[in-house]
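Trainee: Residue strings, one per chain:
2 protein chains.
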Amino acid sequence: MAVTGIVAEFNPFHYGHKYLLEQAEGLKIVAMSGNFVQRGEPAIVDKWTRAQMALENGADIVVELPFQVAVQSADYFAQGAVDILSTMGADTLAFGTEEDLDYSEIARIYEEKAEQMTAFLETLDDSLSYPQKTQKMWESFTGIDFSGNTPNHILALAYAKASAGKNLRLQPIKRQGAAYHSQEKNQMMASATAIRKHISDRTFVLQSTPSSELLLMAPQVNWENYFDLVRYHILSQEQLDHVFQVNQEIANRLKSAIVHVHSIEELVDKVSTKRYTKARVRRILTYILVNARENNLPNGVHVLGFTEKGQEHLKKMKKSISIVSRIGAVPWDQQTQTADRIYQLGHSDIKEQNFGRSPIRIEKLG
Amino acid sequence: MAVTGIVAEFNPFHYGHKYLLEQAEGLKIVAMSGNFVQRGEPAIVDKWTRAQMALENGADIVVELPFQVAVQSADYFAQGAVDILSTMGADTLAFGTEEDLDYSEIARIYEEKAEQMTAFLETLDDSLSYPQKTQKMWESFTGIDFSGNTPNHILALAYAKASAGKNLRLQPIKRQGAAYHSQEKNQMMASATAIRKHISDRTFVLQSTPSSELLLMAPQVNWENYFDLVRYHILSQEQLDHVFQVNQEIANRLKSAIVHVHSIEELVDKVSTKRYTKARVRRILTYILVNARENNLPNGVHVLGFTEKGQEHLKKMKKSISIVSRIGAVPWDQQTQTADRIYQLGHSDIKEQNFGRSPIRIEKLG
Chain W
1 MAVTGIVAEF NPFHYGHKYL LEQAEGLKIV AMSGNFVQRG EPAIVDKWTR
51 AQMALENGAD IVVELPFQVA VQSADYFAQG AVDILSTMGA DTLAFGTEED
101 LDYSEIARIY EEKAEQMTAF LETLDDSLSY PQKTQKMWES FTGIDFSGNT
151 PNHILALAYA KASAGKNLRL QPIKRQGAAY HSQEKNQMMA SATAIRKHIS
201 DRTFVLQSTP SSELLLMAPQ VNWENYFDLV RYHILSQEQL DHVFQVNQEI
251 ANRLKSAIVH VHSIEELVDK VSTKRYTKAR VRRILTYILV NARENNLPNG
301 VHVLGFTEKG QEHLKKMKKS ISIVSRIGAV PWDQQTQTAD RIYQLGHSDI
351 KEQNFGRSPI RIEKLG
Chain Z
1 MAVTGIVAEF NPFHYGHKYL LEQAEGLKIV AMSGNFVQRG EPAIVDKWTR
51 AQMALENGAD IVVELPFQVA VQSADYFAQG AVDILSTMGA DTLAFGTEED
101 LDYSEIARIY EEKAEQMTAF LETLDDSLSY PQKTQKMWES FTGIDFSGNT
151 PNHILALAYA KASAGKNLRL QPIKRQGAAY HSQEKNQMMA SATAIRKHIS
201 DRTFVLQSTP SSELLLMAPQ VNWENYFDLV RYHILSQEQL DHVFQVNQEI
251 ANRLKSAIVH VHSIEELVDK VSTKRYTKAR VRRILTYILV NARENNLPNG
301 VHVLGFTEKG QEHLKKMKKS ISIVSRIGAV PWDQQTQTAD RIYQLGHSDI
351 KEQNFGRSPI RIEKLG
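Same order as they appear, the protein sequences are chains W and Z. With full-length UniProt numbering applied, the first sequence corresponds to residues 1 to 366, in that order. With full-length UniProt numbering applied, the second sequence corresponds to residues 1 to 366, in that order.
With the rest of the complex left out, here is chain W (with noise of 0.2 Å):
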């Protein structure tokens, strides 16, 4: 049987995220993120509620994506995740894209070629952010167009560069219906984004989301909720370049731009800059809320939740590598428990995210 991995968000889990694990093949191993996701902000609901929602629609099992590989630029979070899937058993990794490429022969290019590709990205001028950057690198070395350039597209690249060398087959699945930054409510499978904006419009939400009552009864925050501890954060500490990725330059940004807004959109729009892109300084607001270091990534991975046919995976790759099903007074990751106890304080329903609490068990057929 072949075990299929799927990097994910699911901020929040909908048709479209149904749709992709349907395609997948075999045992479906998610690696996703925790509370806090790629572009910088908190996830709409907790972890938990995204597992189960992945669970009870497709997924075998959902492994948590350490916060610093969670948050990270495209080349990062993808690296990290595949490593994870990888190690978890993983023989196929499937990703959503709008493009109809050859990722295994990308893949293979970048095998060959990595030095020279990260040689080549060295001689870019510093203007340029890293997005354009990589952009630029793909054009050169595989011909690749980015007219149509879309958020999914440069990660499903980052996904080819993460598993050169691993021996992953790689399983690309056309996107269906919105695309991801669309906002417009009329489409089948309404994007992540639409669904978070329109997410008080009940017939909405039950339309494009399946399991819809879980992410309707869970707590949801935004950015919004947080901006009072990111201003505080940024007002009371003197220095602020001991947190990960903030350099004296933006720091002095932040410094003088608080005093002057009002929300978190408004501090990201006079920060940000042609090179410090507006999800790169949404990122370095993460990493400030949540007080962010250089950090070891965890050994163990810690497993939110499973299916039958999950939990028989599990018990084969417990023999050679370190699960974590339930945390107790030792973390698995101080920073990622950090963070949760930070993303708690964005609205007081929401649950203790760690300690003590059990993996989901999903109990069907597998």
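Bear in mind the hints are in silico, worked out from the structure with no lab data behind them. Even for Gly, the Cβ is constructed at its ideal location relative to N, Cα and C. A couple of the hints might just be wrong.
[Unchecked claim] Partner residues are not named here, just some residues of chain Z that face chain W (Cβ under 10 Å, in silico):
hint, residue
1, Leu-229
2, Tyr-232
3, His-233
4, Gln-237
5, Asn-291
6, Gln-334
7, Arg-341
8, Ile-342
[Stated by the list, open to error] Non-contacting residues of chain Z with respect to chain W, defined by C-beta distances greater than 12 Å in every case (computed):
hint, residue
9, Asn-57
10, Gln-135
11, Glu-266
12, Asp-269
Take the given structure of chain W and dock chain Z to it, following the hints.
Mentor: Same frame as chain W, but now just chain Z:
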């Protein structure tokens, strides 16, 4: 003409304070806490409002105590404040007290025996709180009876101690009306505690404070407006012992208590012990809130306001000391100004507290 110095918090200003100012002689200089007060909490209204109330009711000059003088145990508070008043040319120190004691004699004893008295403190058991120790010290060396122990009594003794060797005439003024901590409303002169407690009772506030409208119209805060920020600080910082007066023991106690409490008062209750008094814990929480460090005191004296009579005196003083009347790009005291920024976070209507603000001028005949 006598120049009388008065140490005050005016939290808020009431008829008892007005009486004290009336009893004082000559030019009246008040050294007042800024936005955080000695017992370790945010002042109910900002320093500008409190200074204006004082200037409208008898004070000639109001200068600001730097944060690290204002939020300190009685001895350091008194010492820092008396030093500033002495620098400002005060020859008399007036203060309220419940006890008719010969404070000049007490100051004389301290002047003579300071070393023995300090050595005596060292011999006392560490299970005693600092206030308990100083109480024993005064009992042993001066025979004072502490049966009617009150905060003002302790402060008055601290003033006596602080003025030792300073050539300051001590003028104790017997308090009228309610005792310091009284929460009773039915008294001619209500205590500041009672007024804070019943701040939403407009009739009571009008009865017990002069210049009531200033108080009633100002944005009012209390500790609970800052609970979310303190909780966030404790949760997000792996180490707390970089904060002034936070040691490993108190840091651990705070870290384990914070996940179980829902208010500052609950937190103080959980963390305080016989040795860590509630006042000390509140001060520590204030240090954490504003991220205070051990710092040097500022050189200049920050003037919050003056009458015409006060202005004459300031002109003379300017020749020998640094008077800061407007804070621009160069900070007066970074710690105080950071504390003020954070004070502002407690209520969205609190105005900028430092940058570009000029002293209050009250036009009246000297």
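Trainee: Any hints this thing doesn't respect? Which numbers, in order?
Mentor: Per hint list: zero violations.
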